[in-house]
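Novice: Residue numbers (the working numbering), protein chains in the order written: chain F, 3 to 142; chain V, 55 to 443.
Hints in this document: simulated from the structure, not taken from any laboratory.
Backbone N, C-alpha and C fix where the C-beta goes; we use that ideal spot for every residue, glycine too.
It is possible that some hints are incorrect.
[Stated by the list, open to error] Pairwise CB distance ranges, derived in the manner of DEER restraints:
| id | chain 1 | residue 1 | chain 2 | residue 2 | range |
| --- | --- | --- | --- | --- | --- |
| 1 | V | Gly365 | F | Pro99 | 18 to 24 angstroms |
| 2 | V | Arg176 | F | Asn26 | 32 to 38 angstroms |
| 3 | F | Leu50 | V | Glu382 | 49 to 55 angstroms |
| 4 | V | Asp75 | F | Asn26 | 34 to 40 angstroms |
Below, each chain spelled out in residue letters.
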Amino acid sequence: MSTTEAFPYPIPEFGTEPYWEAANRRELRVQRCLDCGRLRWEPAPLCLDCQSQKHEWALLSGRGTVYSFTEITHPVHPAAFAKVPYIVVEVELAEQPNLRMLSNLLGTPAAQLQIGAAVEVDFSPHPNGQLLPVFRLRQT
Amino acid sequence: MSLLSDKTAIVGIGHTEYSRDSGRSELTLACEAISAAIADAGLTPADIDGITKYTMDNNDPIDIARNLGIPELRYAGEVNYGGGGGPVGTILQAAMAVATGQAKAVVAFRAMNERSGRGTPRFGQASSAEGAAGLHSYLSPYGLFSPAQMVALAARRHMHLYGTESRHFGEIAVTCRHHANLNPDAMMYGRPMTTEDHQQSRMIASPLHLLDCCLETDGGAAVVITTADRARDMAKPPVYISGIGFGAGHWNHRSIVKDMDSVHSESTVIAKHVFRDAGITHKDIDVLFIYDHFTPLVLMAIEDYGFCKRGEGKDFVMNGRLRWPDGELPMNTSGGNLSEGYMHGMQNTIEAVRQLRGVARCQVKNARHAFVSAGNAVPTSAMILRGSL
């Protein structure tokens with residue numbers, strides 16, 4: 003695969019393989035602290051609230067709202083020339099206030115997108131085969 | 055007050071020209087800027103025994119010491135998050151080194167070929183690695199690479215929460231360009247900018263236009279720090295470091311997008327301490343130097359350092375308040391990262407010293423106190439400088 007054709011693929015860190023393995027099963031899972039119950043993204047070795055090392059990979063609904071977004075029009079990576087414009091979205095996930103993740107918003111032009119819009123997860127393949135969690139506007 | 059309050063001073067400033075292609079090595083740029091700063095202080099390399107650098111700077115202090123003929127190096131330090139955290143953080147380390155007697159006179163510097171890319175990669179462009187590890191494994195696959203793209207997310211959130219508009223960001227860009235056009239050393243000298251120019255400039259990552267983003271620059275900039283006692287015998291009037299500090303918190307770690315919904319930030323941490331340490335209030339600041347990587351972050355820094363409340367920045371920056379000569383709080387009076395040259399903020403520190411020596415081109419009358427910040431949205435630093443005139 004040439005670097006001009008694709009954005010970088012994710013290299014899983016020690017301990018975060020379940021995040022990417024879940025995505026390949028079309029599941030959005032994040033760490034839930036087994037001591038205080040808090041969910042966290044991005045994956046981290048300790049609970050950011052109680053510092054516990056114990057966690058499970060909790061299955062989320064994949065639903066959330068648009069917290070912020072940007073339409074990227076200036077390509078800074080070789081693969082971006084064929085992709086601009088594309089939308090990077092910060093999603094607040096439904097399960098917990100301030101549980102936010104970064105991703106792409108697919109299927110809706112930026113001009114029709116607003117903060118607060120309801121979204122749900124989908125999975126889009128990276129050219130290397132890894133499914134990436136992405137978001138689309140939720141059909142009501 | 056802290057143990058450092060008014061105990062140290064900046065006594066020398068120096069810089070190379072700021073250009074798109076310096077035509078020489080980053081080590082050459084560092085040595086030129088540092089030599090100029092040492093000479094400005096009325097010192098020689100034999101008087102210097104410490105060097106502090108930005109972590110991102112490719113130069114090694116020992117190479118500089120060898121080339122400049124610094125006979126004994128007693129302190130060498132570097133500041134992380136620098137990058138943007140460097141223009142004050144390096145001075146904080148230098149001040150601590152001289153105040154504790156570990157060194158007598160320390161140089162803090164930044165030198166890079168960032169625009170030409172000869173030595174330092176351009177920060178506005180992504181690496182060509184095929185895989186992304188660590189934090190970037192959650193960002194790069196989505197095409198989220200550059201600081202501008204990350205700032206865009208925080209900027210839109212600020213607009214949503216507080217009604218801030220692009221034209222408010224534009225006022226900051228236009229103000230810095232106005233000052234650059236009064237500074238023949240600025241990269242954007244002779245290239246005026248209107249609000250209309252800002253609004254018409256192409257989008258980079260909405261809502262950020264091209265003219266919301268800082269320059270990319272080749273060059274070098276340096277300052278010399280020593281104790282307040284020694285400073286009184288130097289060639290130029292001392293500029294005392296009245297308050298200085300570093301700040302970061304959990305909101306800097308959760309992701310690299312600035313958390314607009316937290317009332318705290320790296321800037322609020324610092325503001326609590328530096329004004330107290332300097333024994334002054336915001337009203338005492340005569341000239342403002344806010345690290346200007348991206349205009350929305352300048353507005354957010356003005357709010358979070360307490361010059362106005364969160365959400366009031368959009369009104370605070372308007373109506374020429376930040377513009378020399380008539381504004382009540384002129385900001386980045388040599389043009390800043392946005393229009394003078396992107397020396398990772400060290401050019402703002404140098405201009406603050408000029409203001410307090412009374413020798414700036416856009417001289418603020420009777421300037422006594424300057425507030426100088428390093429880059430926000432990452433762990434950062436800021437200081438209050440006091441002139442001796």
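Novice: Return the numbers of the hints above that this structure violates; sort them in rising order.
Specialist: Per hint list: 3, 4 violated.
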